[in-house]
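The task is simple: from the sequences and hints, build the whole structure.
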Amino acid sequence: MAKAIPSRSENYSEWYNELIKKANLAENSAVRGCMVIKPYGFAIWEKMQRALDDMFKETGHENAYFPLFIPKSFLSKEASHVEGFAKECAVVTHYRLKNAEDGSGVIVDPDAKLEEELIVRPTSETVIWSTYKNWIQSYRDLPLLINQWANVVRWEMRTRIFLRTTEFLWQEGHTAHATEAEAEAETRQMLDVYATFAEEWMALPVLRGHKTANERFAGAVDTQCIEALMQDGKALQAGTSHFLGQNFAKAFDVQFLSKENKLDYVWGTSWGVSTRLMGALIMAHSDDAGLVLPPKLAPIQVVIVPIYRNDEQLDALSEKLKPLVAELRKAGISVKYDDSDANKPGWKFAEYELRGVPVRLAMGGRDLENGTVELARRDLKTKETVPFDGLTERIKTLLDDIQQTIYERAKAFRADNTFRVDTKEEFEEQIEKGGFLLAHWDGTSETEEAIKEATKATIRCIPFDQEPEAGTDPFSGKPSQGRVVFARAY
Numbered sequence: 245m246a247k248a249i250p251s252r253s254e255n256y257s258e259w260y261n262e263l264i265k266k267a268n269l270a271e272n273s274a275v276r277g278c279m280v281i282k283p284y285g286f287a288i289w290e291k292m293q294r295a296l297d298d299m300f301k302e303t304g305h306e307n308a309y310f311p312l313f314i315p316k317s318f319l320s321k322e323a324s325h326v327e328g329f330a331k332e333c334a335v336v337t338h339y340r341l342k343n344a345e346d347g348s349g350v351i352v353d354p355d356a357k358l359e360e361e362l363i364v365r366p367t368s369e370t371v372i373w374s375t376y377k378n379w380i381q382s383y384r385d386l387p388l389l390i391n392q393w394a395n396v397v398r399w400e401m402r403t404r405i406f407l408r409t410t411e412f413l414w415q416e417g418h419t420a421h422a423t424e425a426e427a428e429a430e431t432r433q434m435l436d437v438y439a440t441f442a443e444e445w446m447a448l449p450v451l452r453g454h455k456t457a458n459e460r461f462a463g464a465v466d467t468q469c470i471e472a473l474m475q476d477g478k479a480l481q482a483g484t485s486h487f488l489g490q491n492f493a494k495a496f497d498v499q500f501l502s503k504e505n506k507l508d509y510v511w512g513t514s515w516g517v518s519t520r521l522m523g524a525l526i527m528a529h530s531d532d533a534g535l536v537l538p539p540k541l542a543p544i545q546v547v548i549v550p551i552y553r554n555d556e557q558l559d560a561l562s563e564k565l566k567p568l569v570a571e572l573r574k575a576g577i578s579v580k581y582d583d584s585d586a587n588k589p590g591w592k593f594a595e596y597e598l599r600g601v602p603v604r605l606a607m608g609g610r611d612l613e614n615g616t617v618e619l620a621r622r623d624l625k626t627k628e629t630v631p632f633d634g635l636t637e638r639i640k641t642l643l644d645d646i647q648q649t650i651y652e653r654a655k656a657f658r659a660d661n662t663f664r665v666d667t668k669e670e671f672e673e674q675i676e677k678g679g680f681l682l683a684h685w686d687g688t689s690e691t692e693e694a695i696k697e698a699t700k701a702t703i704r705c706i707p708f709d710q711e712p713e714a715g716t717d718p719f720s721g722k723p724s725q726g727r728v729v730f731a732r733a734y
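One rule links them: number in the numbering used here = place in the sequence shown (from 1) + 244.
Simulated restraints, written as ranges between beta carbons of each label pair: (1) K265 to E359: 38 to 48 Å; (2) E359 to G576: 52 to 62 Å; (3) K580 to D353: 50 to 60 Å; (4) D436 to N395: 21 to 31 Å; (5) K588 to E332: 45 to 55 Å; (6) D355 to E504: 49 to 59 Å; (7) G715 to T423: 34 to 44 Å; (8) T626 to K588: 17 to 27 Å; (9) G576 to N614: 21 to 31 Å; (10) E306 to R408: 23 to 33 Å; (11) W591 to N261: 16 to 26 Å; (12) N395 to K625: 32 to 42 Å.
No more than 20 Å apart at the CA atoms, straight line, and that leaves these computed lysine to any residue pairs for SDA-like: (13) K540 to K625; (14) K700 to R402; (15) K566 to E556; (16) K677 to G477; (17) K640 to L568; (18) K266 to R252; (19) K655 to T440; (20) K592 to S562; (21) K580 to R621; (22) K316 to Y376; (23) K640 to A570; (24) K592 to T629.
No lab work stands behind these hints, which were simulated from the structure alone. Think of the CB as a built atom: it goes at the ideal place given N, C-alpha and C, for glycine as much as any other residue.
As C-alpha cells, then:
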C-alpha cells in the first residue's frame, strides 16, 4: 500500500512534514533552511501563479524583473525599512574565490572585497524605487503598475518547508500613483484580489483587515492582510498589501510634474503572496490519508485506473476509456490514465488519495460489460457505481461541487473555532485550545506586546467590517472601541 503518514491529532507538525515528503511536494535541500520544490509541488504552485498572474493583468498590471542584489546604501535610505529587515539580510562581501595555498580547497579571495556590500533581496522596494526615479517624470507616466515573480532571501533561524524558509518564491507588486486616494484604492483592490484567489481557487475562507502598527510592514503607512485559520487552530497570514504613502518616493526622490505643473512626490503601494500559500493549502484542507486539493489547483483532477487480469482485458478497457480521456481533456480537465503494471489497483488508489487527486475512476471487466464505472471523490472519501455514458458532464459538475464543498467545510470549521471572549481568564483558557479570538483591545502597542508576551497570541487583523462596540480590554482594563482578531500564528 501507499506510504502511511502520522495522524493530525497525534502530532500535527509531524503530520504536515511527512505529508509534504510522502506526497512528493518538496524536500529540504543541502543548503540549510532552503527547499527543493519537486515537480508535483511545483505544478500546484504553477497553477497558483497562472491564476494570480491573470488576475493581476486583468487589473492592469505588467510583469517586469529587477536585480537580485541591492546595494547596502539603498536599504539605509528608508529608516524603518532597514530596521525591519536588517536582522534577516544575507550580505555579499566578495566577488571571487581562489584555491587555498595548502591545497585544502577554495577560499574567499581577500583581495576581491566589494567596495560596497550587496544585499540579497529580502524584498525589492528599494531597488525598484531607485529605478522608478528614472521612469517617472510627469503625471502622464502614472499610474505605474508593475509586478515581478521572483525569489527572495530572509535569513531564518527556524525554518519549515513552505511556511518559513530562508529562500522562497513569491510575487511582489510595486505601484506608483499621482494621488493618495489612488494609492489607497490600489492597496485595497489588490488585497481583494488575494482574497478572491484564496476563496475561489484555494477554497480558503479569509478575514480581511488592517494590521496593527506593531505588525505593519517596515516602511508602510498601512498594511492590509488576509488571515486564514488552519486545522490546528493557528492562524496563517495568507497575503498582504501595503500603502506606502510617499515614504519610498521621498527616500529615493521620485517626483512628478502634476497637471497643475507642480512638482510632487508620487504615492506608492506594494503587495505580495508567496509559496507560504502552499503550506496554507495543505494545512487547511488535508486529512490523515493525505492531501485534499481543491480541483482548481489540482495538477491531476481525474485519475482513471483500469482493473485488468491480462493484456486482452486491458486492450478492451483502454479502447473504452481512452476516448473518455480525450473528451475530458478537451473539456479542460486534467486527466491521468494509469494502466501501468508496476503496482496493483489498491496501491494506486491509496497513492492517488495521498496525492489529493479530486476524482478517481476505476473500471474492471464487469463494469465494461455493464456500461458502468466506479467513481470516487477525494474530499468526502465516497464512491459509487455510475453509468459510463454522460461521464464528462457529470465530472465537470462534480469538480465544481468538490471545490465548493471544500470551501464550505473550511468556512464551517472557522465558524466553529471563532470565539468571543471578554475576560482575561476566558482569553487565556481559549488561546490554549486554538482558534480566532474576538476580543477587545485598548489600541495601544504596549498592551498588544504584553498580551503577546503572556499568551503568544498576536493581533491578526483589525477587521474591515469591525462594528463599533464599546468595551473593556481584558488585559489592561482600559476602554476599547471594538473587537479585533487574536490568534497564535505561523
